[in-house]
Amino acid sequence: MSLFVFIDILGTVAFSISGVLIALKKRMDPFGILIIAFVTAVGGGTLRDVLIDANVAWMRNLTYVYVIFASSVVAVIFRKKLGYIRRSLFLFDTIGIALYTIVGVEKGVASGFPPLICIALGTMTACFGGVIRDILCNEIPIIFRKNIYATACILGGLTYFLLMKTSLSQNLIVILSGSVVITIRLLAVTFDWSLPSIYGKKEMEEQ
Amino acid sequence: MSLFVFIDILGTVAFSISGVLIALKKRMDPFGILIIAFVTAVGGGTLRDVLIDANVAWMRNLTYVYVIFASSVVAVIFRKKLGYIRRSLFLFDTIGIALYTIVGVEKGVASGFPPLICIALGTMTACFGGVIRDILCNEIPIIFRKNIYATACILGGLTYFLLMKTSLSQNLIVILSGSVVITIRLLAVTFDWSLPSIYGKKEMEEQ
Amino acid sequence: MSLFVFIDILGTVAFSISGVLIALKKRMDPFGILIIAFVTAVGGGTLRDVLIDANVAWMRNLTYVYVIFASSVVAVIFRKKLGYIRRSLFLFDTIGIALYTIVGVEKGVASGFPPLICIALGTMTACFGGVIRDILCNEIPIIFRKNIYATACILGGLTYFLLMKTSLSQNLIVILSGSVVITIRLLAVTFDWSLPSIYGKKEMEEQ
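For the record, the sequence lines run as chains A, B and C.
For the first sequence, UniProt numbering begins at 1 and goes up steadily by one.
For the second sequence, UniProt numbering begins at 1 and goes up steadily by one.
For the third sequence, UniProt numbering begins at 1 and goes up steadily by one.
Chain A on its own, in the form it takes in the complex (with noise of 0.2 Å):
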C-alpha cells in the first residue's frame, strides 16, 4: 500500500513538471504555470470522477494540491536544470501513466462497467490531463498524433482483464498489467515505435 501511495505521488509529480514545462515554453505567468501543472496531473482521473459519477479526488484529499505546487515551485525554480534529469522525469511519467491507467480501470470495475469502459476509463485517467494541457495551451493534443502513449495504456488494461480470467493474486495482476504500460512506453520511445501509419505517400506530400 504504502509503496502504492510512493509511485502515485511520483506519478504526480512528474505530470505536474511535464505540464510546468509546457507553460514555460508558452511564457506563461506563475498562475498560469500553476494551473496548467494542476490539469496535467488532475485532470485524467477528474474527467473520469465526472464520467462515472464519483467523488474528485483531489477535491476531498489535499495530498494531491500540495504535492502539485510543490513540484510546481521546484520546477520553476530549477528550470534549466531539468534538461539534465530529464530522464529520470520520463521514468517518473511513466510508472505514472502505468498507475494512473490501473488505479482507472479499477475504479471502472468497481463501479461495474464493462471491461471495454473501464480500459478506457484507465486510459483516459492517464492521458486526458495531457489533452486538457494542450487544449488550454493551444495546441493539438500530441496524444493524436504520437499515440504509443496511449497504446500502452490499453495494452497494459487489456492484460489486466486478460489476468483476471486467471487465479494471480490482484496485487500480482496490477504489477503484471502496470508493467506492460512501462515495457511498451520504453520499447517504443527507445526503437521509436509508432503506429503504422494509414496514409500513403502521396497523401504526405499534399499536406
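To be clear, the hints were calculated from the coordinates, so they are not data collected in a lab.
Honestly, I wouldn't trust all of these hints.
All copies of an identical chain are treated as equivalent in the list; a pair is satisfied when it fits inside any one copy or across any two copies.
As the list claims (entries may be wrong) - Listed below are the simulated SDA-like cross-link pairs for lysine to any residue, each with C-alpha atoms no more than 25 Å apart in a straight line:
| id | residue 1 | residue 2 |
| --- | --- | --- |
| 1 | 25 | 139 |
| 2 | 25 | 169 |
| 3 | 80 | 194 |
| 4 | 25 | 60 |
| 5 | 107 | 63 |
| 6 | 107 | 9 |
| 7 | 26 | 106 |
| 8 | 165 | 62 |
| 9 | 81 | 21 |
| 10 | 26 | 140 |
| 11 | 107 | 57 |
| 12 | 80 | 198 |
| 13 | 81 | 199 |
| 14 | 80 | 174 |
| 15 | 107 | 171 |
| 16 | 81 | 190 |
| 17 | 80 | 158 |
| 18 | 26 | 161 |
| 19 | 165 | 61 |
| 20 | 80 | 196 |
| 21 | 25 | 198 |
| 22 | 25 | 165 |
| 23 | 26 | 76 |
| 24 | 165 | 63 |
| 25 | 81 | 6 |
| 26 | 107 | 196 |
| 27 | 107 | 64 |
| 28 | 26 | 199 |
| 29 | 107 | 65 |
Given the coordinates of chain A, assemble chains B and C onto it according to the supplied hints.
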C-alpha cells in the same frame, strides 16, 4: 421502436464518419482518428448527461462503442471513396441531428427541466460533439460561424413543445418535430441560407 | 438579499457583454455570439457545480438565461457605443468576479470541502467562464497570461476564511472579502500590476 434504434445508429455512423474525415485532414494517427470519431459521436450526449446528472449512455451500452469503431475503420479504409457517398452521408447526418435533438429534449423533459432548457439540451446533444471535435482539432467550432445547423435544432425543439400543447400522440409529435429539423437543414443547405449578418460592409472590410 | 441578487445580475450582464465583444471580434454569427456570451457568464459556475456534483444553477432558474439573452441583444445593437461605457462595464465585471468568487467559496463550504478547495472553487466560478470563452475562440486563455484577475479572487477567498475565524457576522465577512477582490483588481489595473516575472531578460529575448 426498431426504426428509432435504426436511425439512432445511422446518426452515430454519420457523426463518426464526419469525425474521421476531419481527423484525416489533420493527418492524425489511427488512435487520434478513433478518439475524434468517438467524441464527435458521443460528445453532445455526454455533456448533456453530465449536466443533468444522468448516467452517461455509452458507458453502459457498448453498442455505440462498437458502431463508432466499425464506422471509423470502414471510413479510413474507404476514405478515397467518401466523396461519392457524401450525399448519403449528409442525409444520415441530418437524420442524426434530428434524432439527437429529440432525444435530448425528451431527456430534459423526463428530468423535469423547463422547456427552454430542454431545447438547449436537445441542441447541445445534436451539436456539441462537433464543437469538441473542432476544439480538439484546434479550430474555431464551425457551428459558431455557420449556424443553421443549430438553428434547425432549436426550431425543432420549439415545435416539439408547441405540439405538446395539442392532443397529438407522442409518436406523431416526435416525427413532426424531427421533420422540422430535417426540412430546415435541407432547405438551408439547398438555398445556402445563413442567419442574417449583423456586420455592416465596413466592419467586414476591417476584418 | 435583494442587493445580492441585483449584483449577481449585474455580474451576469457584464460577463455576457464581455463574451459578446470577443465573439464580435471573431466575426461570429448571432448564434455563435449568444453561445459565447452564455458560456462566459455561466461556464465557471457550471464547472463548479459539475465538480461538486450539485444541480447546475441556470438549468433550474431561467433568470440567468433571460438576462444573458437580453444583454447580448443589447450589446450587439449598441456595439459601436460600447467603447464609451467600457468604464462602467469594467466596474460591473469587477463587482461580478467579486460576487462569483464569494458564491463559489460559499457553495464549497456548504458541501464540506476544505478551505483550499473552496478558494479554488470560488476562483473557478469567477474565472473559468472566460477560460472556456477563450478556448472556444481558439485563443490561449488570457487569464494564464494576465493573472491579477485570478490572484484577486484567490486573495478574496483567503480573506473569507481568515475572517471566518473572527466573530464578525456572515454578511460583513461577505462584504469585506468581496471588497478585497474589487480593491485588488482596481489597484492592479490602475497601476498595471502583474505577478513578478519569472523569466530572465535573456529568456524573454529567446522567445
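(message) Let me make sure I understand: some of the numbered hints might not hold for this structure. Which ones are they, in numerical order?
(response) 2, 4, 7, 14, 17, 18, 22 and 26
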